[in-house]
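Novice: The chain contents come next:
2 protein chains.
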Amino acid sequence: MTGKADTRLRRLPEQGSKDFNLACAIIDDARICHVGFVLDGQPYVVPMAHARDGDELLLHGSVASRLAKNLAAGLPCCVTITHLDGLVLARSAFHSSMNYRSVMVFGSAAPVTDPDKKVRGLDVLTEHLLPGRLAELRASTRKELNATTLLSLPIERFSVKTRKGPPDDPKNETQVPIWAGVIPLSLRAGKPEAAPDMPAGIARPRYLKSM
Amino acid sequence: MTGKADTRLRRLPEQGSKDFNLACAIIDDARICHVGFVLDGQPYVVPMAHARDGDELLLHGSVASRLAKNLAAGLPCCVTITHLDGLVLARSAFHSSMNYRSVMVFGSAAPVTDPDKKVRGLDVLTEHLLPGRLAELRASTRKELNATTLLSLPIERFSVKTRKGPPDDPKNETQVPIWAGVIPLSLRAGKPEAAPDMPAGIARPRYLKSM
Numbered sequence: 062m063t064g065k066a067d068t069r070l071r072r073l074p075e076q077g078s079k080d081f082n083l084a085c086a087i088i089d090d091a092r093i094c095h096v097g098f099v100l101d102g103q104p105y106v107v108p109m110a111h112a113r114d115g116d117e118l119l120l121h122g123s124v125a126s127r128l129a130k131n132l133a134a135g136l137p138c139c140v141t142i143t144h145l146d147g148l149v150l151a152r153s154a155f156h157s158s159m160n161y162r163s164v165m166v167f168g169s170a171a172p173v174t175d176p177d178k179k180v181r182g183l184d185v186l187t188e189h190l191l192p193g194r195l196a197e198l199r200a201s202t203r204k205e206l207n208a209t210t211l212l213s214l215p216i217e218r219f220s221v222k223t224r225k226g227p228p229d230d231p232k233n234e235t236q237v238p239i240w241a242g243v244i245p246l247s248l249r250a251g252k253p254e255a256a257p258d259m260p261a262g263i264a265r266p267r268y269l270k271s272m
Numbered sequence: 062m063t064g065k066a067d068t069r070l071r072r073l074p075e076q077g078s079k080d081f082n083l084a085c086a087i088i089d090d091a092r093i094c095h096v097g098f099v100l101d102g103q104p105y106v107v108p109m110a111h112a113r114d115g116d117e118l119l120l121h122g123s124v125a126s127r128l129a130k131n132l133a134a135g136l137p138c139c140v141t142i143t144h145l146d147g148l149v150l151a152r153s154a155f156h157s158s159m160n161y162r163s164v165m166v167f168g169s170a171a172p173v174t175d176p177d178k179k180v181r182g183l184d185v186l187t188e189h190l191l192p193g194r195l196a197e198l199r200a201s202t203r204k205e206l207n208a209t210t211l212l213s214l215p216i217e218r219f220s221v222k223t224r225k226g227p228p229d230d231p232k233n234e235t236q237v238p239i240w241a242g243v244i245p246l247s248l249r250a251g252k253p254e255a256a257p258d259m260p261a262g263i264a265r266p267r268y269l270k271s272m
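If you read the protein sequences in the order shown, they are chains R and V.
Residues in the first sequence are numbered consecutively from 62, following our numbering.
Residues in the second sequence are numbered consecutively from 62, following our numbering.
By construction, these hints were calculated from the structure, which means they are not laboratory data.
Since we're looking at a predicted model, the values are computed, not measured.
Any given hint could be a false lead.
For identical chains, the list gives no copy identity; a pair is met inside one copy or between any two copies.
Here are the simulated BS3-like cross-link-like pairs (lysine-lysine), alpha carbons at most 30 Å apart as the crow flies [claimed, not checked]:
no., residue 1, residue 2
1, 222, 79
2, 222, 252
3, 232, 270
4, 270, 252
5, 270, 130
For reference, chain R alone in the conformation it holds in the complex (with noise of 0.2 Å):
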């Protein structure tokens, strides 16, 4: 890259994108979604769990009821993920903003009925919320496989929008003397807190050695 392409990149560092492997990055980030769909020309956003399988974006809603149900009906929505990475701070109000990655996947999400695809999509959720897990819990049975509704939707219509880097400020405000600069922001991990009635002497698994 060139000295060029880098100034113009702070020159506009807000930029939509059609990138798939930068959509894809964003998705597995993250582990929550915001899923705006329409009701009677009511919007809703709702949050779901998600994972990314290949090019689909699969859906896991806690409260499945009306949303699931409605989304599996095929309604046109759109899933937002959005990455707040840090505050920007300017000179001024006005030029001040903020680092993320975010990218708005719209379409229709379809049920997975597929027995099978189903507990694989499954899976693919549960090994992306805690990697390593997966391999030490017992297989869903079929009441609950049934209870659970699985959405996908295809990674195909998105955007993709970041901002990255220092504060952006008017060449003649720049040596006014504020602080500026930004404030890395991040979801972090705390201590793991053993449930209550977890019998004693269960090691903490290796999947949450780091934390």
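Could you slot chain V onto chain R? The hints should help.
Specialist: Here is chain V on its own, set in the frame of chain R:
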């Protein structure tokens, strides 16, 4: 609170609520929201910066254009704010869950056009994003104010959903030899990164001292 109420909370950890103070606490604890609206039958969900001024939710988009114009025209919208507070690891995938706090606010956003109110709203936003910073910034120019869209949505029609606490496995599964519990998650600030074009000798301001 009695022990009985505690149990009930644990058995029904996922609760809907119309508690205004809880809604405000969730709003105040976040820096971005997801705004859903519909154009030509297609739902959109867009991240925006927000702040709260009493019983009003203020919205400020970095990508103003189409979004702000359409929202300002009075389109019905749904603004959702979600904190992912933890991964809830049960003994099975089916009972695993997430701890979260989420609020949906429904209504139609109106542009804040009164100059004094707009200045005040933007100040509230600046102060919300980083308490203490407003005092050192110059006032916005008239041109900047005109180039900024600030929207206001009353916090009247809203719904709060939260889940907290340990996993809720069926009693006959709590004794299996699998680690169960919660991995807390939170958005945390990293070390502030000074802008590369900042003049030498500018001290780190007090509002960044704790970072």
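Novice: Now, for every hint given, state plainly whether the structure supports it.
Specialist: Tested hints:
1. With identical chains, the CA atoms of residue 222 and residue 79 are at most 30 Å apart within one copy only, with a shortest distance of 9 Å there and 34 Å across copies.
2. In this assembly of identical chains, the alpha carbons of residue 222 and residue 252 lie at most 30 Å apart only when taken from different copies (24 Å versus 32 Å within one copy).
3. For a Cα distance limit of 30 Å, the shortest separation of residue 232 from residue 270 across copies, 27 Å, qualifies, whereas the shortest one inside one copy, 48 Å, does not.
4. With identical chains, the CA atoms of residue 270 and residue 252 are at most 30 Å apart both within one copy (10 Å) and between copies (25 Å).
5. Proximity of residue 270 and residue 130 under a CA criterion of 30 Å is satisfied in neither setting, with 38 Å inside one chain copy and 49 Å between copies.
Against the hints set out earlier in the document, a violation occurs for number 5 only.
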